[in-house]
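Residue numbers (our numbering), protein chains in the order written: chain A, 1 to 296; chain B, 1 to 216.
Keep in mind that the hints were calculated from the coordinates and are not lab data. Hints should not be assumed to be uniformly reliable.
Among the chain B residues that face chain A by a calculated CB cut under 8 angstroms, a handful are [as the list claims (entries may be wrong)]:
hint, residue
1, PHE103
2, SER107
3, SER113
4, THR115
5, ALA116
6, GLN117
7, PHE119
8, ALA120
9, GLU129
10, LEU130
11, PRO131
12, VAL136
13, LEU138
14, GLY139
15, ALA203
Where a beta carbon is used, it is the ideal one built from N, C-alpha and C, also for glycine.
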Amino acid sequence: MIGFENVRKEYPGGTLAVEDFTLEIASHEAVALVGTSGSGKTTLMRMINRMVDPTSGRVTIDGEDVAGMNPVALRRSIGYVMQASGLLPHRTVLDNITTVPVLRGTSKTAARERARELMHIVGLDPALATRYPAQLSGGQQQRVGVARGLAADPNILLMDEPFGAVDPIVRDELQGELQRLQRELRKTIVFVTHDIDEAFRIGDRVVILRPGGRIAQVGTPQEILAAPADDFVASFVGADRGARTLHIERIEGRDVIVDADGRAAGVLSAAPARGGADEDRADGTSASTAGQEPPR
Amino acid sequence: MSWVLDNLDVIAGYTGAHLLQALPPIALAFVLSLPLAKLANSRGWLRTGVTTTSGLMYAIPSLPLFVLLPGLIGTGVRSPLNIIIALTLYALALMVPTASDGFRSVSRDVLGSATAQGFAPAARFWEVELPLAGPVLLGGVRVVAVSTISLVTVGGVLGVPSLGMLFVDGVRRGIVAEIGAGIVATAALALLTDALLVLLGRALMPWHHRRREERP
Ligand SMILES: Nc1ncnc2c1ncn2[C@@H]1O[C@H](COP(=O)(O)OP(=O)(O)OP(=O)(O)O)[C@@H](O)[C@H]1O
Ligand SMILES: [Mg+2]
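Isolated chain B, as found in the complex (with noise of 0.2 angstroms):
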């Protein structure tokens, strides 16, 4: 414990170089993954090899995948930024297949009454089918969230700071409560992060959750 509280400035850097590398991987998947299953659910072809990619994709293991990555778009071993890349890729391969499934969800005879009270695309897209998606694309971005959050630490090996580097450090030094910190802080920071997301879920969409309350 004693190693804990003496460290409390080194855990705090890590998690905040965490948290980094771990947002804008869940954020760029969730915009992107829209378009995407968008175009996917257009035609039908396109949606069986989005989701057998989607499969693919996630079969890739992560930690070859942040080695070779520097090769490829040549930037440098231990830049965060290849594990920003590495893990928008997975994230996608979760959440694209995801919001397909959520965009698909969306009753047909909504949005064809929608379109008959006058509803232009755009709006309908916006005010309609996407709020409508929503449940679903929020299930989708909360497992993206633990899952990003706990992949970020693979980069510990390579030695891109994150919380990934103290149970690298504290292996190889011997320091048990630094490894055990390194698993309660990520853990803690997934559970927090799915907590807020469940919070924003309510706030953004009160009628899925009043659905089943007080019918007369």
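The shape of chain A in the complex, shown without the other chains (with noise of 0.2 angstroms):
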């Protein structure tokens, strides 16, 4: 469990990115932090893993108070998952996974034995294992930085715009990726983006932040979707505009899913047709959604 009571962030030279934010993220828990540029997303994300002390208020793990931790053993317990660039250019994609085992004092050979595992269970293919980063994909890449993340098999999972940087087919692959990962492993994951999509799909709470650090809306995807708390929230997930708005058409005897644009969205069945819950939570009907999977 993470605590956030009442904490603010002044940075030196006036900035003040977080004013006063509270919320309790449950262990387990996949939390999705969405919100323009410099809403400080990332700074309430640092917090957790103290790369960024708050100017007042607490941060807490189960209870107890980051503030009186130890920094460097606390980030070795933590996961922490950014865009590509944050992959040690020097080391072979196999170092990088291995580093927070071997800083923690595991042994390289154990430590490499686990992240062969690791490089299976993201879906790397194992003759990458002694490539530099510049040789891989942007995909390739960012499943490295999932490995990494996991490789201490951390409580606590942070990403930071992870796929960022990544084209939308391999992202939505990636988002993918992560939600089975997610159901295997429940980690307690902070995630930030800004991209609302992404937010519901991964988040199963999203709190929509204004500038400031300022909380315009948390719940469910589905519970935002049904009732934008505000305007800003509803322009922010695109309801204002239709975009979110599906309607049922009767074509050839079946009920076909259309979105605002008229283009067909998926079919209507009377059951979740595959999958589970997770993909169709966002929109809250029951669709087969086609398209949804990218081509391997």
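Got two chains here, each in a separate frame; can you build the complex from them with the hints?
In structure tokens form, the structure reads like this:
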């Protein structure tokens, strides 16, 4: 469990990045922070692993104030995934993944064995183990980043726009993989993004932020779509533009779901056709959506 | 040519003396430039100061400095120590700004992510920041090495033994082969040192060379 209690962050120089932020994140929950650039998402996330210390207020993990914890030890116990640019360019894929376990004193051999398993879990070809990050595609680099974040088997995983630098098809694939991993691993995830669709897909709950880290709305994707708290949220999720409004048209004897632009989004069926709750949660409808899975 | 063959032992002796004066400044400047560059990068005004001082330092002609230094620090006029100290100052003037650029070339994202992984500050410096500044540092050391090896010859004018003595002596005695030997030996020493540095860089920084090869 992660707690933010009346957290405020003023940077030297006077930028008020976070005014007064309070939120509780349950264990095993994935929370997505969304907001425009500069709304304080990274600042909030970095207060959890003490990369940033709050000016006032407290951040707690399982009730204990992180301010009293050794920052280096704390960081080694929390997975951190950021854009691909965060990999160590002078270390091979395998050495990048073993970084944290080795810092924590795991033997190199054991760490490497585990790293090979992780490469398999995140869908990386074992042949890439000895490559350097610059020799990988963006999507592969991102998978290495996720594997590295998971390497020390942390309870908490912080992800700062991890899929921001890859093309939409790869992003979609990576989001799918993360959902699958999360179903198995059930980490406590804090996921920062400025893509509302990504937030709805990854987050059990979504926090929509205004500048200054002010919360515009917190809730499940369904709650936010069903009842946007105000015009800011409505425009953020695209509800105001009708972008999220779907309607049913009867075509050739089947109920086809059509979006605001008149494009077919899927076919209505009585029960979810596959994949379970995660895939259609965001729309709140039971639709088997065409084109959601990219071609492999 | 016969002069060269008859005097191989002299040339070898001067080459040894030359290296003994060139290598310490190169090594010292490299080691000292690291903390100085880190310090300079920590404050904007310090960095400007360091860059300006380095430029001015380089503008001081080497011969007068070699002549004046013994008076300032109390060494003998012909002591190689003068040469070593003066050349270390020149090498620093080249190396500190380069090292400062080198550290600034390291991606802040990578450093931030290293901190987030749990590198303690010292480990982050030695294991991440220093190696990643490596390519720029190596470029600096190569320039410093070649320029230092060539500057050592100036000491020959003052009678400090080095390959420079070959030109001085060759000119005085009118032996063209001796002058040629001095030039060729100095250039060869510089090129050889440079080649060794390049090989060392490849061995220490394989990631830098493999970067552009075989991408999927
Ligand atoms: N180290 C710092 N020093 C001073 N100001 C900072 C620092 N880091 C962030 N800020 C400022 O604090 C505010 C919030 O920054 P933050 O990085 O948390 O935003 P963000 O929501 O992550 O934005 P983005 O989506 O662009 O990543 C911004 O105005 C930013 O300029
Ligand atoms: Mg950010």
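Closer than 8 angstroms between Cβ atoms is the bar; does B:PHE103 clear it against chain A? Give me holds or violated.
violated (15 angstroms)
Under 8 angstroms is the threshold here; is the Cβ of B:ALA120 close enough to any Cβ of chain A for the hint to stand?
With a closest approach of 5 angstroms, the B:ALA120 hint holds.
Chain A contact restraint on B:LEU130 - CB to CB distance below 8 angstroms:
violated (10 angstroms)
Status of the hint placing B:PRO131 at chain A (closest C-beta pair under 8 angstroms):
holds (5 angstroms)
Restraint outcome when B:ALA203 is required to lie within 8 angstroms of chain A by C-beta distance:
violated (13 angstroms)
Holds or violated: the hint that B:THR115 contacts chain A, with Cβ atoms closer than 8 angstroms.
holds (6 angstroms)
Holds or violated: B:SER107 as interface residue toward chain A, Cβ cutoff 8 angstroms?
With a closest approach of 6 angstroms, the B:SER107 hint holds.
B:SER113 as chain A interface residue, shortest Cβ-Cβ below 8 angstroms
Status holds, d = 3 angstroms.
Satisfaction of the B:LEU138 interface hint, Cβ to chain A closer than 8 angstroms
violated (13 angstroms)
Please check whether B:ALA116 passes as an interface residue: C-beta within 8 angstroms of a C-beta belonging to chain A.
holds (4 angstroms)
Taking the closest Cβ pair, is B:GLN117 under 8 angstroms from chain A?
holds (5 angstroms)
With chain A as the partner, please determine if B:VAL136 meets the hint condition of a C-beta pair closer than 8 angstroms.
violated (13 angstroms)
Violation of the numbered hints given earlier is confined to hints 1, 9, 10, 12, 13, 14 and 15; the remaining hints are satisfied by the structure.
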